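*Asks:* Here is how the chains run, residue by residue.
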Amino acid sequence: MRYAVRYKEAIIEKALVVIALSAIAVLGLIILFVFKEGSPVMARVGVIRFISGTKWAPSRGVFGILPMILGSVWVTLGALAIGVPLGLACAIFLAEMAPARVSSILKPSVELLAGIPSVVYGFIGLVVLVPFIRRWLGGPGFSVLAAAIVLGIMVLPTIISISFDAFKAVPAAYREGMLALGATKWQAIRMVILPAARPGIIAAVILGLGRAIGETMAVIMVAGNSTKIPSSALAPVRTLTSNIALEMGYATGEHREALLATGMVLFVVIALLNVAARLFAGGGRVSR
Amino acid sequence: MKQERAKGPDQHVVNRRMTAVFAGAAMMTVGVLIFIVVYILNRGLHIVTPSFLSEAPRQMGRAGGIYPAIVGSILVTGIAVLIAAPVGVATAIYLTEYTREDRLPRIVRFGTESLAGIPSIIFGLFGFLFFVIYLDLGWSVLSGALTLSAMILPTIVRTSEEAIRAVPNAYREISYALGSTRWQTVTGVVLPTALPGIVTGVVLAVGRSIGETAVVIFTAGTSLRLPKSLLDPVRTLPVHFYILAREGISLDNAYGTAAVLIILVLVINITAYSVVNRFAARSR
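Sequence order for the protein chains is A and B.
Its first residue numbered 3, the first sequence is counted upward by one per residue in the numbering used here.
Its first residue numbered 214, the second sequence is counted upward by one per residue in the numbering used here.
Pulled out of the complex, with its shape left as it was, chain B reads as follows:
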């Protein structure tokens, strides 16, 4: 390269170097992911036994398992998604099938996009003030699920909207040509075609809410007992993990809980992508 100084540096060498730098950055990012997953699984996987998953914690979590936290996570996340999915999909249907871009949809879009930017701690504060205190639901499964559903709503709206927009217009035109009404077209043609994309969005929302801590800790509480009703407080997995780790109750059980969380998140995300890929393969 030196002998080419007159013409400036050899651009092909520069190009190769920059490619290496950028590839290095990408490898580093993936390296961080691999490091986190391996680190947690390496220390936590041996803790995760059938009895760890099926027993109640003893001595504040120092011993025993994480069964109530698993139940808590399933209840809070499940109900949050049951609330947010219909609302989110309906919003997406409205935005795509029932309006052109004028004032009302712009307001709706402003609402969902603003919600997407709000930090989870603000959702936690709001849920605490509104559901826990104002509506007097207390720290409960229901308060946690309602707050969480508000937080994941934008994700579901956005992914459903993308999925619905990807449905070819010809499908709609054929349906209308056959004399279908708008709603018949939506339920008979648009939604079935967009379903894999919608499912992916919902699954990703499950993944987001299962790891959420700041919202849930102020709305669902930290009780270690099994809930008897939706108005009972619960502790979810990330909250349990946070308390174990931060208060130094049991590092071993913290690693075990983190391993369960990481596995859940991996399974959920990989499921979401395989749905997308199968969909992409079929439409090809």
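If we strip away everything but chain A, and leave its shape as in the complex, we get:
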């Protein structure tokens, strides 16, 4: 009987180890399959030519993704320019200034914002933002600006909730010490809390960056998806993610490999960002 129990416990423990390794196994499979299918075309075209080529013409076998790389960069930087100040201000208000009852309503609303499907964001962008930009700012409306605004809103929940946690992790004594010295709340925030929460804020920005780069469906719906390098904020643009999603449905052969190679580039960028987030967060836990 006792041996039976001990035996059962040992089996359960082994089983748990195996199950727990499934996440890393999936990660391995993702890397294996995407890289295996994407690398032949990378090797044929050459990594440098693939990422620095300005022409994307799959039907003629020309694969250069510089326009999409720049597209992702512009759209993402634009999104951060909108999302970071707004998100940080919101997090400061929620963590430091709002009365408990107000923040107990606002915090779940922010998390609801994270729950809204990306296609809905894209659709609102399509029916509200794109016509607005076309009417008041000119151009086709489908633009870097439209994508940046939509993404700027979509990264808000990430930036708010991670920087909120960073503010909450600042010891109360810091705050109280400042207030006891006669500082106002804003002085305490500016001089003590923001500097103390800096690693968490940087991690929030980097993870927001990762979300913005990785977002696909919403961007497709508002960005216009032209394969030319955008000449202005009002010009249409195609990102790395949309390049994959737009053409994956019908691509075959070398064209499909080139899309997977685009996925490889995206994967490497995201991996580097995660490493950066981990470093800045000072070994703290990093998750969405």
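Hints were generated in silico from the structure; no laboratory data involved.
Please read all numbers here as calculations on a predicted model, not as lab measurements.
Just so it is clear, CB atoms sit at the ideal spot from N, CA and C, and this is done for glycine as well.
Any given hint might turn out to be false.
FRET-style restraints, in silico, Cβ to Cβ [to be verified]:
(1) B:ILE247 <-> A:GLY63: 46 to 54 Å
(2) B:SER393 <-> A:GLU249: 54 to 62 Å
(3) A:GLU249 <-> B:LYS441: 25 to 33 Å
(4) A:VAL7 <-> B:ARG378: 25 to 33 Å
(5) B:GLY237 <-> A:GLY140: 22 to 30 Å
(6) A:LEU79 <-> B:ASP223: 35 to 43 Å
(7) B:ASN490 <-> A:VAL270: 37 to 45 Å
(8) B:MET240 <-> A:ALA174: 48 to 56 Å
(9) A:PRO142 <-> B:ASN490: 45 to 53 Å
Chain B stretches covered by chain A per the calculated footprint, using a threshold of three residues with CB under 8 Å from any CB of chain A [unchecked claim]:
(10) 221-232
(11) 238-246
(12) 387-401
(13) 468-481
Got chain A; can you put chain B on it based on the hints?
*Replies:* Just chain B, lined up with the frame of chain A:
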């Protein structure tokens, strides 16, 4: 304030202004949420009739309802959660109850955290290459659900881990003192106590997967027919919505589908929070 220039600006005035600025930012964020919800419901709610929910689409979705997409969403999301929840909870149990922080758990943690950062389109690519083509499952409910389960796994692991860690150690000690084994302690004491937190995580994962498009469109397909088996292709609600809206098939039906999606997401999220709150109230 002007007369105080010598001493610099009045800090209390500055403080009040900054508070107003930050409150404004918070209001704007909530305003965006309210705008989106009201905008969609305002234009879509009148489309959502019982027949819209129970009929098959006609003319590619120009007319008729969204019944097959509802079935598709339920099947794909349901099966994804049925796969990811046990795996995720087991992983969380392993991380919290069976190890200290050494190499193996660090590898596990690295795996889940890396998965959490991968964009959905990459999951879509992977699911297409691995499940659809390599394992030859085709565009199907099963391919979609398996890929989606990989995507929501990190969410479930993280929330379950937090819930399990919140169980007071005294509970475990009492259980061990009574002669229970580790597994008996897990199933008899830890899991029941952590259950509301785990349920919340699972419900949030349902909410995430029900709105997911990029993964599902490349793995479950876009078929409008009702699936007869798990190996048949389906179209989920967000995919249906995306196709209606992007290809301009029917703006009215797109609004109707979006309204259904928004209501689902709201109900799911509010359920999750009420579970947490009830749990918090009880433990107080």
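*Asks:* Check the structure against each numbered hint from earlier and tell me which ones fail, lowest number first.
*Replies:* Failing hint: just 8.
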